[in-house]
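Residue strings, one per chain:
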Amino acid sequence: MARTFYRVVEHPADTGFETTAPDLAGLFQNAALALFDLMWETTPGEDDRMVNLTVSGGDLEELMVNFLEEFLYLLDTRQLVMNRIAIDTIEPQILTGKAWGHPVTAGRDQELLGVKAITYHQLFVGHTDQGWRARVLLDI
Amino acid sequence: MYQYSLSDLIQLDDYRWLVPRRGAMRTEALLFVDRALLRQVLKDISIAQAANVACLPGIVGRSLAMPDMHQGYGFPIGGVAAFDPEEGVVSPGGVGYDINCGVRLLRSDLHRDEIGDHIEQLINGLFTAVPTGVGARQKQHRLNQTTLKKVLTKGAAWAAQNGFGTAADLGHIEENGCLAWAEPNLLSDRALERGLAQLGTLGSGNHFVEIGYVDTIYDAAAAQAIGLFEAQVTVIIHTGSRGLGHQVCGDFIRLLQGAARRYHIELPDRELCCAPIRSSEGRQYLGAMAAAANFAFANRQMITSEVRDTFAMILGRGADALGLSLVYDVCHNIAKFEDHLVDGAKRQVLVHRKGATRAFPPHHPEVPEAYRATGQPVLIPGDMGRYSYVLVGADGAMAESFGSTCHGAGRLMSRHAAKKAARGHNILAELEEMGVRVRGAGMGTIVEEIPQAYKDVADVVRVVHEAGIARKVARLRPLGVIKG
Numbered sequence: 080m081a082r083t084f085y086r087v088v089e090h091p092a093d094t095g096f097e098t099t100a101p102d103l104a105g106l107f108q109n110a111a112l113a114l115f116d117l118m119w120e121t122t123p124g125e126d127d128r129m130v131n132l133t134v135s136g137g138d139l140e141e142l143m144v145n146f147l148e149e150f151l152y153l154l155d156t157r158q159l160v161m162n163r164i165a166i167d168t169i170e171p172q173i174l175t176g177k178a179w180g181h182p183v184t185a186g187r188d189q190e191l192l193g194v195k196a197i198t199y200h201q202l203f204v205g206h207t208d209q210g211w212r213a214r215v216l217l218d219i
Numbered sequence: 181m182y183q184y185s186l187s188d189l190i191q192l193d194d195y196r197w198l199v200p201r202r203g204a205m206r207t208e209a210l211l212f213v214d215r216a217l218l219r220q221v222l223k224d225i226s227i228a229q230a231a232n233v234a235c236l237p238g239i240v241g242r243s244l245a246m247p248d249m250h251q252g253y254g255f256p257i258g259g260v261a262a263f264d265p266e267e268g269v270v271s272p273g274g275v276g277y278d279i280n281c282g283v284r285l286l287r288s289d290l291h292r293d294e295i296g297d298h299i300e301q302l303i304n305g306l307f308t309a310v311p312t313g314v315g316a317r318q319k320q321h322r323l324n325q326t327t328l329k330k331v332l333t334k335g336a337a338w339a340a341q342n343g344f345g346t347a348a349d350l351g352h353i354e355e356n357g358c359l360a361w362a363e364p365n366l367l368s369d370r371a372l373e374r375g376l377a378q379l380g381t382l383g384s385g386n387h388f389v390e391i392g393y394v395d396t397i398y399d400a401a402a403a404q405a406i407g408l409f410e411a412q413v414t415v416i417i418h419t420g421s422r423g424l425g426h427q428v429c430g431d432f433i434r435l436l437q438g439a440a441r442r443y444h445i446e447l448p449d450r451e452l453c454c455a456p457i458r459s460s461e462g463r464q465y466l467g468a469m470a471a472a473a474n475f476a477f478a479n480r481q482m483i484t485s486e487v488r489d490t491f492a493m494i495l496g497r498g499a500d501a502l503g504l505s506l507v508y509d510v511c512h513n514i515a516k517f518e519d520h521l522v523d524g525a526k527r528q529v530l531v532h533r534k535g536a537t538r539a540f541p542p543h544h545p546e547v548p549e550a551y552r553a554t555g556q557p558v559l560i561p562g563d564m565g566r567y568s569y570v571l572v573g574a575d576g577a578m579a580e581s582f583g584s585t586c587h588g589a590g591r592l593m594s595r596h597a598a599k600k601a602a603r604g605h606n607i608l609a610e611l612e613e614m615g616v617r618v619r620g621a622g623m624g625t626i627v628e629e630i631p632q633a634y635k636d637v638a639d640v641v642r643v644v645h646e647a648g649i650a651r652k653v654a655r656l657r658p659l660g661v662i663k664g
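Chains as they are written, first to last, in our numbering: chain H, 80 to 219; chain L, 181 to 664.
Okay, chain H solo, but in the shape it has when bound (with noise of 0.2 Å):
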């Protein structure tokens, strides 16, 4: 189930979210934590283990999928789901922050979703009236 954090964008074949956040820290944030929403159920823990991220793309969409890109393969090569994100630094080209998670733990994480890759479809990451908006799309 969607959280108010996100609205979930339909798409004939795959799926997606939109987002928005007052500040773009906190756009970013929310477009990690939707992903996994989307993509886990999952509870936080003691156990959980932090990892560093530093991320750079050429402008800010292509920052978006880099950045979303990373937790991919830190699933596919390390088992880890996230349930929390700061970014530390954020500037148009590189961002540097953390996340927390687990190691995916039959009984504890249920997988929702298989996410292939964060796509450039319609993608958009930007400021508008209602201040900082990501809209991304996801290859299922």
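These are computed hints drawn from the structure, not numbers from a lab. You may find that some hints are simply not true.
Stated by the list, open to error - Dumping the calculated SDA-like pairs for lysine to any residue here, alpha-carbon to alpha-carbon at most 20 Å:
| id | chain 1 | residue 1 | chain 2 | residue 2 |
| --- | --- | --- | --- | --- |
| 1 | L | Lys-319 | H | Gln-158 |
| 2 | L | Lys-319 | H | Tyr-152 |
| 3 | L | Lys-600 | H | Val-88 |
| 4 | L | Lys-600 | H | Val-87 |
| 5 | L | Lys-599 | H | Gln-189 |
| 6 | L | Lys-319 | H | Leu-153 |
| 7 | L | Lys-319 | H | Ala-185 |
| 8 | L | Lys-223 | H | Gln-201 |
| 9 | L | Lys-319 | H | Arg-157 |
| 10 | L | Lys-599 | H | Glu-89 |
| 11 | L | Lys-600 | H | Leu-191 |
| 12 | L | Lys-319 | H | Thr-156 |
| 13 | L | Lys-599 | H | Glu-97 |
| 14 | L | Lys-223 | H | Val-88 |
| 15 | L | Lys-599 | H | Leu-191 |
| 16 | L | Lys-599 | H | Val-87 |
| 17 | L | Lys-599 | H | Val-88 |
| 18 | L | Lys-599 | H | Glu-120 |
| 19 | L | Lys-319 | H | Thr-184 |
| 20 | L | Lys-600 | H | Thr-83 |
| 21 | L | Lys-600 | H | Arg-86 |
| 22 | L | Lys-600 | H | Glu-120 |
Use these hints to put chain L onto chain H, whose structure you have.
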């Protein structure tokens, strides 16, 4: 993006609709659809996507879309386009994130009655043997980088040489299960890392292994040549190159965003990023894509081995005694150099198939000897509750569609809509009522893949059959499925 309406299109006959040139289109687009399917297609932007493909430099002939077309990223799903090797471009979006996603069909000597009491055991056995779900890892076959590079070079042959299949299998795979121009050294460390533990895994989404049976034969001679008979037990495997392929696609979409600017290519959609085929970036993508395609060939070969072992263990007879042999394995997300007749002259083109299947006709030199008289087998999976089809390539495909046909049913509902439609239903019980046992990594995926979420694949197959770009041979019904 322009939203096409019926009045923008020209109907050529019952199964062909032309999208005339407008704006920056360098050629027309041709849609293989009937009026009923077209009504669905007009609800999304896939026609505009086929028109966008027609804008790319060096396109040869028309931009094509198959009857299972629907909205994709850049290219429509169901899109086919050929490009001149000198003047044309290669686009990762024309292949997709799941490089060499494809389907293979196994036949057996078993009658469906022989496994009726064992279906649940077989499905449970397959679910244990084949890791499913996003990020699924194969603990038994974890590779090191040296071995992984051998897989990326040799494809299915690596698996066969290491005890996961036979030489006979290789002759029944598109390209014999190996794209020879693969360049594993062009893959990023991340792509390699993602592949280390994923060989022999199914993945998520619409990927599956399905046990079924032949319920209808349309062409007795072709069915016999392929080795199919009524009530025969079959197995379909649908998966691709997993995280390794997704990473390759993502890496090159990033690289090629800049290439489009460098080579002054106007992109109607960022996902259509591309580079000239003869450019350094274009050649690099093709080498890396081929390596990922080889991983996918090996992946389906490894899963085939797990299927054979599972059947042997549960039925108490070896795979040879069960006659579990490979009918054919086709790619449906790929770009390959092929020879085609264009305006009466034979020439090499780079054919992109994004959610479309090669369908070479009888007597084509690249069709295996065993199928030379019938044409290349084409496997068209439907939804998990109804049926799938076995077709063979037809002459019309060479004349009109660069030797291509459809690849599946095509979605009718968004995943969100499917979830809504499934509310209040016990999906597993309803499928069991239809005679199909299902096990999946997560209920979320199963719900999104309910039969109602897909077009009736029979409608899709009828179009390619009537249009003469493939020919119906047999229909298969599912008995049990494991889902990603």
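These are the hints, each one checked on the structure:
no., hint, in the structure
1, L:Lys-319 x H:Gln-158, "13 Å, holds"
2, L:Lys-319 x H:Tyr-152, "18 Å, holds"
3, L:Lys-600 x H:Val-88, "14 Å, holds"
4, L:Lys-600 x H:Val-87, "13 Å, holds"
5, L:Lys-599 x H:Gln-189, "17 Å, holds"
6, L:Lys-319 x H:Leu-153, "18 Å, holds"
7, L:Lys-319 x H:Ala-185, "16 Å, holds"
8, L:Lys-223 x H:Gln-201, "17 Å, holds"
9, L:Lys-319 x H:Arg-157, "13 Å, holds"
10, L:Lys-599 x H:Glu-89, "12 Å, holds"
11, L:Lys-600 x H:Leu-191, "15 Å, holds"
12, L:Lys-319 x H:Thr-156, "13 Å, holds"
13, L:Lys-599 x H:Glu-97, "19 Å, holds"
14, L:Lys-223 x H:Val-88, "16 Å, holds"
15, L:Lys-599 x H:Leu-191, "11 Å, holds"
16, L:Lys-599 x H:Val-87, "13 Å, holds"
17, L:Lys-599 x H:Val-88, "14 Å, holds"
18, L:Lys-599 x H:Glu-120, "16 Å, holds"
19, L:Lys-319 x H:Thr-184, "16 Å, holds"
20, L:Lys-600 x H:Thr-83, "19 Å, holds"
21, L:Lys-600 x H:Arg-86, "16 Å, holds"
22, L:Lys-600 x H:Glu-120, "19 Å, holds"
Taken one by one, the earlier hints all hold for this structure without exception.
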